[in-house]
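Per numbering that gives the first Met the number 0, the sequence shown starts with residue 0, numbered consecutively.
Bear in mind the hints are in silico, worked out from the structure with no lab data behind them.
Think of the CB as a built atom: it goes at the ideal place given N, C-alpha and C, for glycine as much as any other residue.
Incorrect hints may appear among the rest.
DSS-like mimics (lysine-lysine), calculated; alpha carbons at most 27 Å apart, straight line [what the hints assert, rightly or not]: (1) Lys460 <-> Lys442; (2) Lys399 <-> Lys339; (3) Lys339 <-> Lys362; (4) Lys460 <-> Lys65; (5) Lys65 <-> Lys25; (6) Lys220 <-> Lys242; (7) Lys242 <-> Lys213; (8) Lys213 <-> Lys125; (9) Lys242 <-> Lys219; (10) Lys442 <-> Lys362; (11) Lys25 <-> Lys339; (12) Lys186 <-> Lys213; (13) Lys65 <-> Lys15; (14) Lys125 <-> Lys220; (15) Lys399 <-> Lys362; (16) Lys125 <-> Lys219; (17) Lys362 <-> Lys242; (18) Lys15 <-> Lys25; (19) Lys460 <-> Lys25.
The following label-pair restraints were derived from C-beta to C-beta distances [said to hold, decoys possible]: (20) Glu50 <-> Ala456: 23 to 29 Å; (21) Pro216 <-> Arg257: 34 to 40 Å; (22) His266 <-> Glu401: 18 to 24 Å; (23) Pro2 <-> Ala456: 25 to 31 Å; (24) Asn188 <-> His266: 49 to 55 Å.
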Amino acid sequence: MEPTAHAERFADLIGKANVLTSPEDKAPYLTEWRDLYQGVTPMVLRPGTTEEVSAVMTYAYENDLKVVPQGGNTGLVGGQIPQESGDEIVLSLGRLNRIRTVDPAGFTLVAEAGVILDALHDAAEKADRLFPLSLGSQGSCQIGGNISSNAGGTAVLAYGNTRDLVLGLEVVLPSGEIWNGLRTLRKDNTGYDLKQLFIGAEGTLGIITAAALKLFPRPKKLEAAFVGLRDPQSVLRLFTLAKAQAGSLLTGFEILPRIGVEFCVRHLEGARDPLECEHAWYVLMELSSGSDAFNVRDLLESILSEGFEEGVVEDAAFAQNLSQVEDFWRIRHGMSEVQKQEGGSIKHDVSVPVALIPDFLDKAMAAVSALVPNCRPVPFGHIGDGNIHFNVSQPIGADKAEYLAGWDEMNAVVHGIVDDFGGSISAEHGIGRLKRDLLQEVKSDLEMDLMRRVKAAFDPKGLLNPGRIV
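Please take these sequences and the hints and turn them into a complete structure.
In structure tokens, the structure reads:
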């Protein structure tokens with residue numbers, strides 16, 4: 000059957016306006032923001048309910064049509080972009096954008112997959128609750144994609160990965176069957192925990208259409224400081240001091256290099272250097288408490304005072320109000336975005352044991368500088384959970400295409416060091432298309448075989464997001 004005939008059938012199922020076939024209508028769904036992949040598809044489908052997703056998948060399964068689920072198209076490993084072969088249909092979940100229920104007393108919320116993360120934050124806030132997942136792309140990413148990639152973000156230190164925030168899921172299987180697992184129970188020990196198979200599966204086992212999520216008390220007190228330090232060893236020592244004194248009140252601890260702050264000041268509208276003097280490294284530290292009675296500012300000052308006494312802290316600026324807290328976080332969240340203004344950037348989303356981060360940074364920065372003289376390492380990220388975004392910007396004046404042609408070679412160098420430190424080549428971005436071949440190099444034959452068996456059990460025809468992960 001020709002694509003036109005399939006498009007007509009899908010129009011019957013979800014409405015003609017929701018079957019996009021013109022090049023201009025399809026274009027926003029075919030390129031990811033790093034410009035690494037340019038996909039080709041006969042059509043983009045935009046179902047508006049779980050039942051419509053089910054109808055689409057039932058027809059696709061019966062006709063052996065390949066389908067690529069897509070949320071806000073903010074993924075960083077190409078898993079949401081169709082292959083250049085042109086035989087994969089894009090299924091966008093953006094119209095599934097309803098908050099179904101909010102239960103303040105039970106600290107739960109049920110949202111459809113297409114709800115934008117910022118909108119989910121707003122819904123929780125209206126109920127005087129907090130949904131803690133926080134990402135630089137939260138103005139456009141969707142919760143279904145966050146769950147499918149097990150997104151991390153800046154709040155993992157206190158609240159865990161997305162996996163830790165999910166109580167239940169509603170999923171459309173490749174066959175079109177709907178699994179309703181939208182339970183809000185905190186305890187349910189009745190057999191296999193099926194939802195965990197879909198979290199982080201990147202849409203290869205089923206299409207998440209809704210999720211039951213955990214909410215938390217909103218912080219009553221929140222304090223932040225932007226801290227200047229001389230080296231990663233000092234950063235690690237400050238983290239140790241902060242964790243020992245603040246415990247669960249430490250809700251943010253991010254490491255940033257001087258060059259990254261310079262990029263933000265140069266390219267991020269309204270950004271300014273938080274400290275008067277330049278420092279080689281910085282930490283953005285945040286403490287929060289659900290109690291008005293607890294003096295979080297005193298605790299933050301105590302931690303930094305001890306850091307000064309030990310000689311690990313060189314300078315610090317305290318946020319005087321919530322607006323300044325947001326200014327600090329804008330620098331951190333904008334760090335990936337501004338690197339595009341400096342030319343080509345080769346990315347690595349890696350994790351190593353927290354205690355080994357200084358040694359990893361020293362070794363990796365020296366290695367990439369030896370490989371590409373005058374390249375500009377911009378490592379930053381979540382030191383509290385060991386996740387470093389080890390990005391490397393091109394040398395000033397270099398040819399961007401020529402530099403990016405060395406992506407695989409630089410990846411091999413950095414990932415080799417990560418392996419030496421017992422780390423992971425994908426801390427929070429997933430595998431997708433970008434790292435599919437790398438996965439086989441870091442997983443045992445048995446692990447790969449088990450993953451293929453799971454894929455075959457849920458998707459025996461291999462039609463759902465084929466060629467990703469396995």
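Structure-based check of each hint:
Distance restraint check for Lys460 and Lys442: the Cα-Cα separation of roughly 24 Å lies within the 27 Å cut-off, and the hinted pair is therefore satisfied. For the given pair, Lys399 sits about 11 Å from Lys339 by alpha-carbon distance, which is consistent with the 27 Å threshold. Restraint check for Lys339 and Lys362: satisfied, since their Cα atoms lie roughly 25 Å apart, inside the 27 Å limit. Proposed proximity of Lys460 and Lys65 is supported: the alpha carbons are some 9 Å apart, at most 27 Å.
Taking the CA atoms of Lys65 and Lys25, the gap is near 17 Å; set against the 27 Å cutoff, the hint holds. With a CA separation close to 18 Å, the supplied pair Lys220 and Lys242 stays within the 27 Å bound. Proximity of Lys242 to Lys213 is assessed by CA-CA distance (about 24 Å); at most 27 Å being required, the pair is judged to hold. Note on Lys213 and Lys125: the hinted pairing holds, with a Cα-Cα distance of about 15 Å set against a maximum of 27 Å.
Between Lys242 and Lys219 the alpha-carbon distance is near 20 Å, which keeps this suggested pair within the 27 Å criterion. Restraint check for Lys442 and Lys362: satisfied, since their Cα atoms lie roughly 24 Å apart, inside the 27 Å limit. A C-alpha spacing of about 24 Å is found between Lys25 and Lys339, which places the hinted pair at or below 27 Å, so the restraint holds. A hinted pair counts as satisfied when its Cα atoms are at most 27 Å apart, and Lys186 with Lys213 qualifies at roughly 13 Å.
Simply put, Lys65 and Lys15 have alpha-carbon atoms about 20 Å apart, close enough for the 27 Å limit, and the pair holds. Annotation: proposed proximity of Lys125 to Lys220 holds, straight-line Cα distance about 18 Å (limit 27 Å). The hinted pair formed by Lys399 and Lys362 meets the criterion: a straight-line CA distance of about 25 Å does not exceed 27 Å. Under the criterion of a C-alpha separation no larger than 27 Å, the hint pairing Lys125 with Lys219 is consistent with the structure, at around 15 Å.
Proximity of Lys362 to Lys242 is assessed by CA-CA distance (about 26 Å); at most 27 Å being required, the pair is judged to hold. Restraint check for Lys15 and Lys25: the C-alpha separation of about 14 Å stays at or below 27 Å, so the hint holds. For a cut-off of 27 Å, the pair hint linking Lys460 to Lys25 stands: about 26 Å separates their Cα positions. About 24 Å separates the C-beta atoms of Glu50 and Ala456, a value consistent with the hinted range of 23 to 29 Å.
Separated by about 36 Å at the C-beta atoms, Pro216 and Arg257 satisfy the suggested range of 34 to 40 Å. The supplied range of 18 to 24 Å is met by His266 and Glu401, whose beta-carbon atoms lie about 23 Å from each other. For the pair Pro2 and Ala456, the beta carbons lie near 30 Å from each other, so the given range of 25 to 31 Å is met. The hinted range of 49 to 55 Å is satisfied by Asn188 and His266, whose Cβ atoms lie roughly 50 Å apart.
No hint from the list above goes unmet by this structure.
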